[in-house]
Amino acid sequence: MKIQVDSEKCQGHNRCYALAPELFDVDDYGMASVIGDGTVPPELEEKARLAIANCPEYAISEV
Amino acid sequence: MPWFSHRRADGYEPFTRDLCNRLIDGFIETGRGDAAAGYAQQIPVRVIARGARGSRRHVRHLHRLGARALEFAHDEARRRSGRIAMMNYLGGELEKRRTEPGDDLISELLQTEIDGKPVEDHTILGMAALTLIAGVDTTWSGIGSSLWHLATHPEHTARLVAEPELIPTAVEELLRAYSPVTMARIVAEDVEFQGCPMHEGDRVLMNFPAANRDPAAFDRADEVVLDRAVNRHLAFGVGIHRCAGSNLARMELRVAIETWLARIPEFRLAEDGEVTWAGGQVRGPRNIPVVF
Chain A
1 MKIQVDSEKC
11 QGHNRCYALA
21 PELFDVDDYG
31 MASVIGDGTV
41 PPELEEKARL
51 AIANCPEYAI
61 SEV
Chain B
1 MPWFSHRRAD
11 GYEPFTRDLC
21 NRLIDGFIET
31 GRGDAAAGYA
41 QQIPVRVIAR
51 GARGSRRHVR
61 HLHRLGARAL
71 EFAHDEARRR
81 SGRIAMMNYL
91 GGELEKRRTE
101 PGDDLISELL
111 QTEIDGKPVE
121 DHTILGMAAL
131 TLIAGVDTTW
141 SGIGSSLWHL
151 ATHPEHTARL
161 VAEPELIPTA
171 VEELLRAYSP
181 VTMARIVAED
191 VEFQGCPMHE
201 GDRVLMNFPA
211 ANRDPAAFDR
221 ADEVVLDRAV
231 NRHLAFGVGI
241 HRCAGSNLAR
251 MELRVAIETW
261 LARIPEFRLA
271 EDGEVTWAGG
281 QVRGPRNIPV
291 VF
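The listed protein sequences derive, respectively, from chains A and B. Going by my numbering, the residue at position 4 of the first sequence is 4; the numbering climbs one at a time, nothing skipped. Going by my numbering, the residue at position 172 of the second sequence is 172; the numbering climbs one at a time, nothing skipped.
Watch out, some of these pointers could steer you wrong.
Claimed, not checked - Heads up, incomplete: computed chain B residues facing chain A, CB under 10 angstroms, no partners named:
no. : residue
1   : HIS156
2   : ALA158
3   : ALA162
4   : PRO164
5   : LEU166
6   : VAL230
7   : GLY237
Claimed, not checked - List of simulated lysine to any residue pairs, SDA-like, C-alpha gap at most 25 angstroms:
no. : chain 1 : residue 1 : chain 2 : residue 2
8   : B       : LYS96     : B       : TRP3
9   : B       : LYS96     : B       : ALA77
10  : A       : LYS9      : B       : MET198
11  : A       : LYS47     : B       : GLU165
12  : A       : LYS9      : B       : ALA210
13  : A       : LYS47     : A       : SER33
14  : A       : LYS9      : B       : ILE186
15  : A       : LYS47     : B       : PHE218
16  : A       : LYS9      : A       : LEU44
17  : A       : LYS47     : B       : MET127
18  : A       : LYS47     : B       : ALA262
19  : B       : LYS117    : B       : SER107
20  : A       : LYS47     : B       : VAL238
21  : A       : LYS9      : B       : LYS117
22  : A       : LYS47     : A       : GLU57
23  : A       : LYS47     : A       : MET31
24  : A       : LYS47     : B       : ARG185
25  : B       : LYS117    : A       : TYR29
26  : B       : LYS117    : B       : MET127
27  : A       : LYS47     : B       : PRO164
28  : A       : LYS9      : B       : ALA188
29  : A       : LYS9      : B       : VAL191
30  : A       : LYS47     : B       : ALA229
31  : A       : LYS47     : A       : TYR29
32  : A       : LYS9      : B       : VAL230
33  : A       : LYS2      : B       : HIS241
34  : A       : LYS47     : B       : ALA221
35  : A       : LYS9      : B       : SER5
36  : B       : LYS96     : B       : ILE114
37  : B       : LYS96     : B       : GLY82
38  : A       : LYS9      : B       : ARG185
39  : A       : LYS47     : A       : ASP6
40  : A       : LYS9      : A       : TYR29
To be clear, the hints were calculated from the coordinates, so they are not data collected in a lab. None of the values given here were measured: they were computed from a predicted structure. No residue lacks a Cβ here, since even glycine has one placed at the ideal position from N, Cα and C.
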């Protein structure tokens with residue numbers, strides 16, 4: 001599984017970071033980015049799906 | 001703004017927890033209290049004033065001014081005098097910081113340049129007032145609604161006491177179910193959206209609380225499901241503007257609930273008291289008399 005954040009859509013809600021800090025980082029403005037190249041280790045796939053499903057801006061997607 | 005980052009918000013957690021404990025100290029011996037007026041409403045303005053590095057006396061003053069500017073929608077003269085008093089107060093604070101800058105929002109804005117130009121004073125005052133007002137009744141409404149829900153749902157209270165690690169998830173659910181804020185926008189150009197024509201200049205209410213109970217978007221939309229894992233709620237807005245203080249608000253909500261439940265694990269509405277609510281664009285309880 002591989003994920004990405006659309007920085008055009010992200011408004012900095014921080015939901016992904018709160019749910020899966022192993023997969024996302026946020027800057028001081030709240031803007032999210034994936035850690036590394038967005039590859040999700042199998043044990044974190046559930047967290048990645050939750051992050052996708054909770055983003056109010058639909059900014060996270062599976063590549 | 002970096003001032004509102006989750007890292008900064010987390011930095012205020014120890015102060016907030018200490019504040020919540022001190023508020024509870026003030027009434028816990030009596031076996032009763034007002035979870036709204038005596039607790040929820042006392043938290044946000046003090047946390048924000050702490051961010052502005054205000055003294056205790058200043059914090060009390062700001063609390064009074066904030067209440068005057070916000071709480072008297074039916075009394076325009078009183079409201080206006082509250083707003084004027086607040087701008088005068090903030091203007092004095094700005095002048096002080098011009099010569100003695102500190103580690104606070106006004107000082108930071110005084111030293112900020114946008115497109116090579118300093119930020120104008122009236123913009124700084126507007127930002128300071130907005131920060132104060134926007135972060136106050138909204139957050140106290142959220143804390144108050146959450147405590148009202150717990151006072152009326154003992155099974156939920158018991159579950160959060162037993163599983164405090166569930167509180168961050170429950171906070172999102174309480175934000176969904178009792179979203180305090182309805183925002184508005186002005187239509188920028190003529191458009192038809194889902195069969196509804198809107199014209200340039202029209203004012204549109206964005207009813208986030210209704211959206212958050214939309215059965216097409218949420219399973220069991222009218223029920224509070226404490227462990228709702230998928231919860232794409234819009235309590236802090238959606239699209240071009242997100243609530244700038246959402247990190248701070250979430251921290252305050254979580255810490256206020258955690259601290260209350262750690263100290264007062266069983267409580268219910270007082271039969272001889274009356275719960276009162278504020279309506280309008282920011283909705284939440286203003287009095288929640290409880291016994292424990």
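Given the hint that LYS47 (chain A) pairs with PHE218 (chain B), does the C-alpha gap stay at or below 25 angstroms? Measuring from Cα to Cα gives roughly 20 angstroms; hence the hint holds.
Hey, LYS9 (chain A) versus ARG185 (chain B), does the alpha-carbon distance stay inside 25 angstroms? Roughly 19 angstroms separates the two Cα atoms, so the pair holds.
When you check the alpha-carbon spacing of LYS96 (chain B) and ALA77 (chain B), does it fall within 25 angstroms? violated, 29 angstroms
Going by Cβ atoms only, is ALA162 (chain B) closer than 10 angstroms to chain A? Where the cut-off is 10 angstroms and the nearest Cβ of chain A is about 22 angstroms from ALA162 (chain B), the hint is violated.
Regarding the pair LYS47 (chain A) and GLU165 (chain B), is the alpha-carbon distance no greater than 25 angstroms? holds, 16 angstroms
Can you confirm whether the C-alpha distance between LYS9 (chain A) and ILE186 (chain B) stays at or below 25 angstroms? The hint holds at about 21 angstroms.
Straight-line alpha-carbon gap LYS117 (chain B) to MET127 (chain B), limit 25 angstroms: holds, 17 angstroms
Straight-line alpha-carbon gap LYS47 (chain A) to ARG185 (chain B), limit 25 angstroms: The hint is violated at about 34 angstroms.
Between LYS9 (chain A) and ALA210 (chain B), does the CA-CA distance stay at or below 25 angstroms? Holds, at roughly 23 angstroms.
Pairwise hint evaluation, TYR29 (chain A) against LYS47 (chain A), where the allowed Cα distance is 25 angstroms at most: Given pair LYS47 (chain A), TYR29 (chain A) holds - Cα atoms ~23 angstroms apart, limit 25 angstroms.
Is LYS9 (chain A) within 25 angstroms of MET198 (chain B), Cα to Cα? Roughly 24 angstroms separates the two Cα atoms, so the pair holds.
Holds or violated: LYS47 (chain A) to MET31 (chain A), with C-alpha atoms at most 25 angstroms apart: Distance ~19 angstroms between LYS47 (chain A) and MET31 (chain A) Cα, so the pair holds.
Consistency note: the structure conflicts with the earlier hints numbered 1, 2, 3, 4, 5, 9, 17, 18, 21, 24, 33.
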